[in-house]
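Whenever a hint applies, use it, and build me the whole structure from the sequences.
Line order of the protein sequences matches chains A and B. Be aware that the first sequence starts at 441, since it is given in the working numbering, and climbs by one per residue. Be aware that the second sequence starts at 65, since it is given in the working numbering, and climbs by one per residue.
Since the hints were derived computationally from the structure, they do not count as laboratory data. All the pointers check out, no bait thrown in.
Computed list of lysine-lysine pairs in BS3-like fashion (alpha-carbon distance at most 27 Å, straight line): (1) Lys107(B) <-> Lys547(A); (2) Lys482(A) <-> Lys514(A); (3) Lys107(B) <-> Lys543(A); (4) Lys543(A) <-> Lys482(A); (5) Lys514(A) <-> Lys479(A); (6) Lys129(B) <-> Lys140(B); (7) Lys107(B) <-> Lys479(A); (8) Lys83(B) <-> Lys482(A); (9) Lys482(A) <-> Lys107(B); (10) Lys107(B) <-> Lys514(A).
Under 10 Å between C-beta atoms, here's a sample of chain B residues computed to sit facing chain A: (11) Thr157; (12) Val166; (13) Trp171.
Every beta carbon over 10 Å from chain A, so not counted as near; a handful from chain B, in silico: (14) Gly74; (15) Leu82; (16) Asp137; (17) Ser141; (18) Thr155.
No residue lacks a Cβ here, since even glycine has one placed at the ideal position from N, Cα and C.
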Amino acid sequence: DIQMTQSPASLSASLEEIVTITCQASQNIGNWLAWYQQKPGKSPQLLIYGTTSLADGVPSRFSGSRSGTQYSLKISRLQVEDIGIYYCQQASSTPWTFGGGTKLELK
Amino acid sequence: EVQLVESGGGLVQPGRSLKLSCAASGFTFSNYGMAWVRQAPTKGLEWVATISYDGSSTYYRDSVKGRFTISRDNAKSTLYLQMDSLRSEDTATYYCARLLYVLFDYWGQGVMVTVSS
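Take a look at the structure:
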């Protein structure tokens, strides 16, 4: 199985701050990487797919990038509504696997 | 508006069975693959099973293979997960999700399954 190691596990940031979350894949997954946001008490929502493409309705302050097998999610200016848990997911091969999650809180 | 509504969860004893349902609306159900993803209490997300748009292909994670069966009724726009020989480690919130190729683009609100004696 492909392991997705996500970091940090938790993160506290201020409003308007730049936030970066990373995910390391245990092997090459190309651009088969998605990010999901799970707000408190809610189900996950697709945020980014294909490493860099924003899902419908996702604000442009979110962006995704890749360097080799390391993937990053960046929030350019943190807003209150961005609080929650973020998960990466590899869609390269089954079993599709998720990262352990990053809990993003306001400082 | 895409809606996925799960039902059928509850408390069940180890070794017993439970069947989850997911009623879909707001899109042409028969055009999309579907999946179940679970989340154990305070844990991360775990893909469970996938079914193709026409039900001809199914895929499972190893830990549920032979115990869980994913199926669908396109006439009723409903997805199912038959769970047999349940174990304590199956305790989780189970989400129904629509597949956009290999991504989960819409999720239901989830249904809780607790396996305990």
